[in-house]
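**Q** Kindly generate the complete structure, drawing on both the sequences and the hints.
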Amino acid sequence: MHLGKFRELRFACRLNNKMHTQLVIIQATSLCNINCRYCYLPDRAAARRISPQILEQIFKALFASSFIADEILFLWHAGEPLVLPISFYEQAFQLQERWNVKQVHIVNAFQTNATLITQKWCQFFKTHNVHVGVSIDGPQHIHDANRVNRGGKGTFARTMRGIELLRHNNIPYTAIAVITSSSVGQAELFWQFFSELSPLRLGLNPEEVEGINASSSLHTEENIQRYKEFLKHLLTLNEQAARPVLIREFEELAHQIYEPRPFTYMQTNVPMAIINFDCDGNFSTFSPELLTMTHPEYGDFRFGNILENSLEEIYDNPKFQYIQEQIQQGIRECEKTCAYFSVCGGGSPSNKLYENGTFNSTETRACRLQIQTPTEVLLEHLEEKYIPPSSRTPVSSNPVTIKSYTKE
Amino acid sequence: MEPIKSAQKFSIAERIHRLHVLMNLADSPEDQDAMVAREKQRSAEEATKSETELEWRNIEPTRGCIWENFGNYVLHAD
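For the protein sequence lines, the chains are A and B, in the order given. Read in the numbering used here, the first sequence has 321 at position 321, and its numbers run on one by one without any break. Read in the numbering used here, the second sequence has 11 at position 11, and its numbers run on one by one without any break.
Calculated from the structure, these hints are not laboratory results. Certain hints may be false.
As the list claims (entries may be wrong) - Once the Cα atoms are required to be at most 30 Å apart in a straight line, the calculated DSSO-like pairs of lysine-lysine come out as:
no.: 1; chain 1: B; residue 1: Lys40; chain 2: A; residue 2: Lys336
no.: 2; chain 1: A; residue 1: Lys126; chain 2: A; residue 2: Lys60
no.: 3; chain 1: A; residue 1: Lys228; chain 2: A; residue 2: Lys385
no.: 4; chain 1: A; residue 1: Lys120; chain 2: A; residue 2: Lys60
no.: 5; chain 1: B; residue 1: Lys40; chain 2: A; residue 2: Lys385
no.: 6; chain 1: A; residue 1: Lys232; chain 2: A; residue 2: Lys336
Claimed, not checked - DEER-style ranges, computed between Cβ atoms:
no.: 7; chain 1: B; residue 1: Lys40; chain 2: A; residue 2: His168; range: 51 to 59 Å
no.: 8; chain 1: A; residue 1: Leu200; chain 2: B; residue 2: Arg38; range: 39 to 47 Å
no.: 9; chain 1: B; residue 1: Arg38; chain 2: A; residue 2: Pro389; range: 23 to 31 Å
no.: 10; chain 1: A; residue 1: Glu239; chain 2: B; residue 2: Lys40; range: 29 to 37 Å
no.: 11; chain 1: A; residue 1: Asn170; chain 2: B; residue 2: Arg38; range: 35 to 43 Å
no.: 12; chain 1: A; residue 1: Gln103; chain 2: B; residue 2: Arg38; range: 33 to 41 Å
no.: 13; chain 1: A; residue 1: Asn33; chain 2: B; residue 2: Arg38; range: 46 to 54 Å
no.: 14; chain 1: A; residue 1: Ile212; chain 2: B; residue 2: Gln41; range: 51 to 59 Å
no.: 15; chain 1: A; residue 1: Gln240; chain 2: B; residue 2: Met23; range: 35 to 43 Å
no.: 16; chain 1: B; residue 1: Met23; chain 2: A; residue 2: Leu200; range: 18 to 26 Å
no.: 17; chain 1: A; residue 1: Thr337; chain 2: B; residue 2: Met23; range: 24 to 32 Å
no.: 18; chain 1: B; residue 1: Gln41; chain 2: A; residue 2: Asn129; range: 33 to 41 Å
None of the values given here were measured: they were computed from a predicted structure. Even for Gly, the Cβ is constructed at its ideal location relative to N, Cα and C.
**A** Right under this line is the structure:
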C-alpha cells in the first residue's frame, strides 16, 4: 500500500522546494481608513505605500521564479486597498502583464471594507475582471459593534453603499464576516441578512487571537459551543431555503466529501503556497498574518526583501529553515494526535504561535472554531440525512488512521 | 455495496468516506453498480500511481487561508 510512502513524500515535498504558489498577497498600503476593534494589523494608521520600483521587482521575480505554475491569484490586502487611487492599480496591472512572460493566468482580487467604492471603482473592477471580496459582519448592530472608523462610529452605512454600487453594476462579490460572541446568538438575523445580500460565497472568520488583537470573545468553552449551535442553525436555515447562503467552511468540506483525497494541505503551512509582500518589499510565507507581526522569540517573519533577494533564496535563510522545521514538527504532532488531521492538514502556524507560544504545537482554539466545529456540524447534518439512525456513531475521539480512508 | 459499520466509533476520515459513497449513491440511485465499480477502480488506481503522480496530485493545498475566499471550492452537486 502506498499510504506510508505518501506520508514521507509529503514531508519531502515540503522540504524540497516543490511547491507551486497559489496565492500572492500584496500589501499595497499599510493604511486602513477604518479601525476595526479586532484587527490584527499593527500599522493600519500608517500611510506607507508600495513604490512602483518594488512592485515591478515583485512581478519580475515572481514570474521568473519556479514557484509560479499556470495560474496565480493576487490578493490586494493587509491595509485597505481602495485607499490608493485607481491609477495605482492600472499601473500595477500593466506591470503584471509586462512581466508575465509565460502567460500565466492571473486573477486579481481585492479584499475591501467597501466603504470607498465608487462608480469609477466599479468600472475599474469590470474592466479588469477584479474579484471583489467585501468584509461585512452582518446586520448593522452586529457590524457596527466592531467595524468602526477612527472616531468610533460604525461603518455599516458606508459599507452597504459600496455593496449597493456593486449590485447596481452587476459585479459579483464574495463576503467575509468576522464572527464574535455577539453574532453567535443571532443566527437567524445573520442568515437572513446574508440571504438577502446574496454574496457569491460567505466566509466565516471566527475572531482570532493574533498580532495586536490579544483576546477573542469566542475563546471560551461556552462560546465555542454557542458557535456550534450558530453553525447548525445556519445549515438548517439553508436547508429550508430556496436560495441558501453558500458558506465557505461547509463548501470546503463538502468538496472533500465529493472528491476525497488521502491528505489535505493547508495553504498556510505549506511553504511558498502563499507568498506575502509588504509595502516595503519584504516577503514572507505561511500565514499571511505573520508578515506584519513580531514575536519575542522569533523577531519578525520577513524572510527576504525583493530588492535584495530572489524568492528562491528563502530556502537558504536560516530563520526560514528554523521556522519551517518547527512548523513541520507541529504538523507531525497534529497528525499523531488530532482526529481532524485528514480534513485540516495541520493547522495554521500563526494561530499556533499566538495561542500556544510555539509553531511546533498542536490544537488551538482557532482549530476548534475554524476546522473542528464546522466539520462536526456538517458531518452530523449529512449523517442525519443519509445514514439510518442505527448506523450512526458518536463523535470519534480516536486519532485518524490514514489507512481507514482507503477501504480494502 | 460496501457494508456500513455499525455500533462502532468511526474516525472523521471514515465518516467522510462513508458519506462520499452514500451521497454519490443518493445522487444517482439507478446507477449503484456503476458507482461501486467506479469506487473500486479509483481505489485500485490510487494504489498503482507513480510517486511523481502522487507527489504532485497530493501536495496542492486544498484549504485556503482565512483571507482566501476566491478559490475554486464550489460544490458541484445540485
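**Q** Confirm or reject each hint.
**A** Results for each hint:
1. Lys40(B) x Lys336(A): Cα-Cα ~28 Å, so holds.
2. Lys126(A) x Lys60(A): holds, 26 Å
3. Lys228(A) x Lys385(A): holds, 18 Å
4. Lys120(A) x Lys60(A): holds, 29 Å
5. Lys40(B) x Lys385(A): Within the cut-off at roughly 25 Å; holds.
6. Lys232(A) x Lys336(A): holds, 29 Å
7. Lys40(B) x His168(A): 51 to 59 Å: holds, 52 Å
8. Leu200(A) x Arg38(B): 39 to 47 Å: violated, 31 Å
9. Arg38(B) x Pro389(A): 23 to 31 Å: holds, 28 Å
10. Glu239(A) x Lys40(B): 29 to 37 Å: For Glu239(A) and Lys40(B) the Cβ distance comes to about 32 Å; the hint holds.
11. Asn170(A) x Arg38(B): 35 to 43 Å: holds, 40 Å
12. Gln103(A) x Arg38(B): 33 to 41 Å: holds, 36 Å
13. Asn33(A) x Arg38(B): 46 to 54 Å: Between Asn33(A) and Arg38(B), where Cβ atoms are some 53 Å apart, the hint holds.
14. Ile212(A) x Gln41(B): 51 to 59 Å: Holds: the Cβ-Cβ distance is about 53 Å, inside 51 to 59 Å.
15. Gln240(A) x Met23(B): 35 to 43 Å: Check failed, 19 Å falls outside 35 to 43 Å.
16. Met23(B) x Leu200(A): 18 to 26 Å: holds, 23 Å
17. Thr337(A) x Met23(B): 24 to 32 Å: holds, 29 Å
18. Gln41(B) x Asn129(A): 33 to 41 Å: About 39 Å separates the Cβ atoms of Gln41(B) and Asn129(A), which means 33 to 41 Å holds.
Consistency note: the structure conflicts with the earlier hints numbered 8, 15.
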